[in-house]
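Asks: All chains, please: the whole structure from these sequences, using the hints.
6 protein chains.
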Amino acid sequence: MKNKTDQTEIKKLRYTGIPTFMRTPYCPDFKDLDIALVGVPFDGGVTLRPGARFGPREIRNMSSFTRAIHHVTGFNPFDACRIGDIGDVPFSDIYHLENSHDEIRRFYEPLFAAEKIALTAGGDHSITYPIFQALQPKQPIGMVHIDAHTDTWDDNNGSKFNHGSPFRRAVEAKLLDPKRTIQIGIRGAQNSDEGWRYSLDNGMRVIFIEEFDRIGVEAVIAEARRVIGDGPAYLSLDVDGLDPIFTPGTGTPEIGGLTTRETLQLLRGLSGLDWISGDVVEVAPAYDPSGNTALVAATLMYEILCLLAERFR
Amino acid sequence: MKNKTDQTEIKKLRYTGIPTFMRTPYCPDFKDLDIALVGVPFDGGVTLRPGARFGPREIRNMSSFTRAIHHVTGFNPFDACRIGDIGDVPFSDIYHLENSHDEIRRFYEPLFAAEKIALTAGGDHSITYPIFQALQPKQPIGMVHIDAHTDTWDDNNGSKFNHGSPFRRAVEAKLLDPKRTIQIGIRGAQNSDEGWRYSLDNGMRVIFIEEFDRIGVEAVIAEARRVIGDGPAYLSLDVDGLDPIFTPGTGTPEIGGLTTRETLQLLRGLSGLDWISGDVVEVAPAYDPSGNTALVAATLMYEILCLLAERFR
Amino acid sequence: MKNKTDQTEIKKLRYTGIPTFMRTPYCPDFKDLDIALVGVPFDGGVTLRPGARFGPREIRNMSSFTRAIHHVTGFNPFDACRIGDIGDVPFSDIYHLENSHDEIRRFYEPLFAAEKIALTAGGDHSITYPIFQALQPKQPIGMVHIDAHTDTWDDNNGSKFNHGSPFRRAVEAKLLDPKRTIQIGIRGAQNSDEGWRYSLDNGMRVIFIEEFDRIGVEAVIAEARRVIGDGPAYLSLDVDGLDPIFTPGTGTPEIGGLTTRETLQLLRGLSGLDWISGDVVEVAPAYDPSGNTALVAATLMYEILCLLAERFR
Amino acid sequence: MKNKTDQTEIKKLRYTGIPTFMRTPYCPDFKDLDIALVGVPFDGGVTLRPGARFGPREIRNMSSFTRAIHHVTGFNPFDACRIGDIGDVPFSDIYHLENSHDEIRRFYEPLFAAEKIALTAGGDHSITYPIFQALQPKQPIGMVHIDAHTDTWDDNNGSKFNHGSPFRRAVEAKLLDPKRTIQIGIRGAQNSDEGWRYSLDNGMRVIFIEEFDRIGVEAVIAEARRVIGDGPAYLSLDVDGLDPIFTPGTGTPEIGGLTTRETLQLLRGLSGLDWISGDVVEVAPAYDPSGNTALVAATLMYEILCLLAERFR
Amino acid sequence: MKNKTDQTEIKKLRYTGIPTFMRTPYCPDFKDLDIALVGVPFDGGVTLRPGARFGPREIRNMSSFTRAIHHVTGFNPFDACRIGDIGDVPFSDIYHLENSHDEIRRFYEPLFAAEKIALTAGGDHSITYPIFQALQPKQPIGMVHIDAHTDTWDDNNGSKFNHGSPFRRAVEAKLLDPKRTIQIGIRGAQNSDEGWRYSLDNGMRVIFIEEFDRIGVEAVIAEARRVIGDGPAYLSLDVDGLDPIFTPGTGTPEIGGLTTRETLQLLRGLSGLDWISGDVVEVAPAYDPSGNTALVAATLMYEILCLLAERFR
Amino acid sequence: MKNKTDQTEIKKLRYTGIPTFMRTPYCPDFKDLDIALVGVPFDGGVTLRPGARFGPREIRNMSSFTRAIHHVTGFNPFDACRIGDIGDVPFSDIYHLENSHDEIRRFYEPLFAAEKIALTAGGDHSITYPIFQALQPKQPIGMVHIDAHTDTWDDNNGSKFNHGSPFRRAVEAKLLDPKRTIQIGIRGAQNSDEGWRYSLDNGMRVIFIEEFDRIGVEAVIAEARRVIGDGPAYLSLDVDGLDPIFTPGTGTPEIGGLTTRETLQLLRGLSGLDWISGDVVEVAPAYDPSGNTALVAATLMYEILCLLAERFR
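Chains as they are written, first to last, in the numbering used here: chain A, 1 to 313; chain B, 1 to 313; chain C, 1 to 313; chain D, 1 to 313; chain E, 1 to 313; chain F, 1 to 313.
Keep in mind that the hints were calculated from the coordinates and are not lab data. Among the hints, a few may not be true.
All copies of an identical chain are treated as equivalent in the list; a pair is satisfied when it fits inside any one copy or across any two copies.
[What the hints assert, rightly or not] Keeping only pairs whose Cα atoms sit at most 27 Å apart, straight-line, the calculated DSSO-like set for lysine-lysine is:
# : residue 1 : residue 2
1 : 31        : 11
2 : 31        : 160
3 : 12        : 160
4 : 4         : 174
5 : 160       : 11
Replies: Put into structure tokens, the structure is as follows:
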């Protein structure tokens, strides 16, 4: 019983109550949790449209539309383990990218030190690097990375830590194993090919959307499972990996992306791997008054939550 | 000549004139009609977002964009029979769900007693139950039901007649034959599995979106035709069966649904069955300022109208 | 010290954290509070556009933009007393207006029995009647009522408890003293004059917008203070009292209403009266994607909070 | 009894039914009417943003929010005379401005020949010239003209009949008496001053918004009554006379315009003059998803209707 | 070096600077260009919703999101030739369709006389006919035409040059070779079948969306290449060929259209043909506040630019 | 002749052409200009909602709606002097507030060294400090500052240069004379009163909105003229000084602000003072899909341009 999540609020009418992530209990003190839901309201690393600082707020809001029992598997993650919303990373410096990243890192360090699993709602994609730093993996980890961009560009616009670069930094810091990394949904013209080159030259498996289209979801799943293998892995989902008709509320939209049906199928195909944590990033609600971006993000968070909670089943 | 619909308004510029459904004649007195287009401006049965009371108004508005001759079949339903807009169900009590349902039932009873076919624009899905009551079929009828939800849940939030339950009530009342019922597009987590269980335990053919994806539209059509067979059947289309990118203006959106192309293909595949009436429900325009939801709903109504009008060809 | 509100969250960056009302502590157990902030997510009593069930959610969201120290008075209500968000009224029956009202009444009864002050975010205006019932005043109370409508109509559309009638019911039940009631901002054509007549015939002071325009805010304040006098009074603010350019997100908009500057000046002029509780109602966010309606509502809640908190200064 | 308007639909729930203007009966045959409500879905005369062709459609839609009894005067125009919606001017040529104008003129000629009063919903302001032609007044008429622009410019962008010129043409054709014309709300920079000059040089009384601000509504009313005098007059209201916060859905917005409260007060001050017809023009709904522009337009139409119907009292 | 485009602006932050098409240099004098990017801000030929006159403005705006190097081919069109924005066609008569068309024709004549390639952003589809006239091909040209409508209707609503007719006029004028024309994405009911008939009877290859769905993109590409063959061809893309969820900002939406992924694949499959010019038309931004329509249009313009620039490689 | 601005583009149809500020010539080289229109696409200094980096882009876009001749004064600033758009400040570091400010300062230094007048479109309000640095006034300058906030707060959220602090820094650096500074429109609760205190303690004249309301615009003008006196002065207008119904597209909205009519009257009342430059800041278009914020900003820029150009008359 004590290993379950209190589902009282989840069962109430969905337009009522305080909007925590998926209406889980608000637990700023995470010690009794197995999985912590975290918000990182930060967009200081973007290159185009800011606004992802409001991502956690809006994802919490729309996540009250989600529910408990998965319709394909019948799995209820809230019955399997203790899941709670631990609130947002607080910031005392939002005007210097590296300082903000330090604050993110320091927030996550005790969480990971206590061996909790974190499911994060961003925030722009630059936040994944300080999360990786806090993870302090003994060995570089693997990653399934769904995105329109490889995010392996180098220094530009004044920082080498902006949202186009986290995974290059992570490889350099030996936090991420490029050979156990797969990037899915990549597309869109660029003014330089250095990011694509970096990923490929370092052994990442890059599935551009054209290959995705050609080989189909099942083959992509197989490829992802092959790349990740048995080791620990992180799941990072940038909502711009999907087509902007599904997730217009994002900072760097690229037409021609994944559908929600493909993304759901893909995520479900990743069941059983050694997931250590994950995130959903780049929700910038101002660009989507309809709220659909956040509904998609919240539903995908629920799917990832099911993957993360499997180990407690 | 007298068996045709007056198409004067249909041929005018589409932004002009009084917006009846598909610019058909306004005929509050339905006696000279073969098929009556009806609005049920009611959302007193919803569990999440209200607003479908404005569905008929907005579907009428956008239905002026539709036209007469089907581009695949060349069929013009308005040449085949007399079709008119008979207006909206009037309500004298909107604050007690069962009373409102009684008013719906009483509106449809003389229509069906006169052996008219009704094509209804909702309104929330709870309205289909009183329509079935008014139909008073000699034997339980069959149904093709396109929706994200099975709508076979039991009592909740204070009524067993809300929009999550009409088809459970219809089976109980021997109005609907679960063995001749197929539910297509079902998906999304739930806090209880009782609705899914009820459908399956009572013999309904439930095609979750994952099966739909796997077997494809043609196989689904074949399955629907097998389930429905030769007997009379009703076609009920909840716009949340489609993905919310197509129909964001709805009360209970679930990501990962049908596309319009799949839905159009599916509907056309149902030609030649014994359709006795149908509906398009759950259009809540406030959630879609673009009007696309209503344009989709109006276009799907036109497709269903073609199915209903075939018997007059 | 213990008579202050914990302002930790209030001082954080305004886009971060869990959105309780004005970022006050979440206190489902109200026993340590002086003033309880309450949401009533209910719109089952409307006559036109529903959606106010999402009012509390969205007001909470935008209320994180508000802050502590009043710029005119220098007063900080959070320093004066203990203020907290006690969550939403839960509903087990949303399909029968009177049953829902009973649930509202029962939620407020222990709160008022414990002599707490309630500041409510609606919900449609029908909710004020069960709040009045829960107040169980020894004598009929006074009221300042800002609204486009007198809400003193009788039975219509199936219930005499809908949002056009709460104050007629309250007078009949001897909960409200019409002679100590002033209604401000009334306007808009009607299909019957019975509501206006009822207010006037029973001695309410009705200030139509035209009189408001003619005599000015200061005279209206003087008149309100004269009508209310020394006795206990309730402050009920329907956001449709303001012009729909300020508060488009509402169910029954009437053009030509109060401006925010007039409303702020009016509220501040009501300082020092014996306020026992108050509400801000009829925020239906779906009709205002900009969020301004909720920002106005949240800011007006803060102003009313200052009035309610004065007694603790 | 026969001199009243059937108010059955007006009294129904406002979100139901076919949206005729103010839910009056649809009467394509106008012979039994006193006042005809007409739509002119035409925007072929604009210079900036098109879209007013959808004005009649959307004004009809939002006019179902209006009601019968005026809250200031207690007057019910529908009790005083027979009012009906006669539909839209049909167009067979929308690609040549003058041809479309001819079609407008020919539509109104029999209406005015039968001595009916017309209250028109535009359409862009160029339509008022062919309406004036159809009026065929024995002597030039007077006009109260509310607008941001004098619409007395000469030939530009290829036609001297576009929406910047109708009243220059009307003066030239001896349809409009400039000395009995008052233009209210004029403002905004121009690339030439010829329109302002034409109005002033020909004796029109031009009240720029700055004078309006300075002298106040009551003085403007007095001035309007002085200018119009006892003779027949037309009331033409361009919604861009109001500030674009009230009526953003228009083609040529100019900041700094009239408020709705000022406009309502102004219109009511024009009671008792010899109004022969009127219009509300330049509603382009695409620029206002909120619908407020059309709600304002519909409410102002109701106010003008009260002015027109006074003679039947 | 002089055969390259100056890419200084393209490499800057994408939210900065003056928005020319794809941030290419503004070159009203086109003599040093290989490919001219042109805007035709004209919507005088529409039959339903106007607004495409703002298409060039908004496409320029969103085209600053596009970049230089194609992610599939690695091709950078700006390195291959001199590309610039030559501004918009100026209009002196916007009130008579044929006169406006003459102005378009006269604008393009010197451009084509100088043997420049033009990539045009419309504007409604009627503009393609005067562009064809200016091309003055020695022999009728071929065309790949992506659209929901065949645009081969005859005279209606007062002109035989409106946006439903350009390709019928072009065939009649021996500018377009129907046997080397393929129309892709056609769908939607019509009130007459004459347009479909004209296309088929004159030998155009019409791929309705149903055939597209059935045979798949690769087969469509093969068919397009077969139809076009070796001769010179024009590429005309109406954004309503795509589904309105991708391009809601258009005048005549039809549900059930192409996806962006299909369109991108289709365009890339047309590489190596003898493209002489092209256009993207019918972007009406007022119907899409999100800007996605213009982002899609701009990205597709970039893809077509790559096709046009290939000959300079 | 050479002292005039080329007005060719200004006289064209307003929806055509490349959107420079007010359709003035694009002049990256400012040497032949009297007044330079500058964009500062920067929002790295905000505390709440980012997005003002898109302000210059959208103000340029809507400024094509403005025109040349002032309707009150008849003044045409483009006839009086040479005005041009010099483009945007380029940024090479957007991730460290102080570095970005340095880039702004360095961009303006040569402009002011050449004795040009600058009219700037922001960007968030933090940009005014580096502009002041570039001005390098011999003595501290005066300022009329229209805003909801005094922007004289000290260090917070990690920088003392954010958008709440520019005028405190400017006073400290002896760039701004607090005794010749007037702040108009101040309002809204705060969590600390230090900003208000700083302004008042240092001798700034602070006109809170309540005083503005009480004394009226003419008295505010008189007070502003008294405070500024004869010396050089800067005009800084934050669009959040206006009510958010006029300018919802801003980062830190506060209800109850100035109207456009008041603002226009106020600006015109400042004629004849020694204006050395000015700005309009805090336009964040993402929060206002209607574009009205940018239309207001563009029109106010035109008014300020008239003030700045007076010296060349």
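Asks: If a hint holds in the structure, say so; if it doesn't, say that too.
Replies: So, going through the hints one by one against the coordinates:
no. : hint     : verdict
1   : 31 x 11  : both (24 Å within a copy, 26 Å between copies)
2   : 31 x 160 : neither (34 Å within a copy, 36 Å between copies)
3   : 12 x 160 : between (46 Å within a copy, 17 Å between copies)
4   : 4 x 174  : neither (36 Å within a copy, 41 Å between copies)
5   : 160 x 11 : between (45 Å within a copy, 17 Å between copies)
The structure fails hints 2, 4 (numbered hints given earlier, in ascending order).
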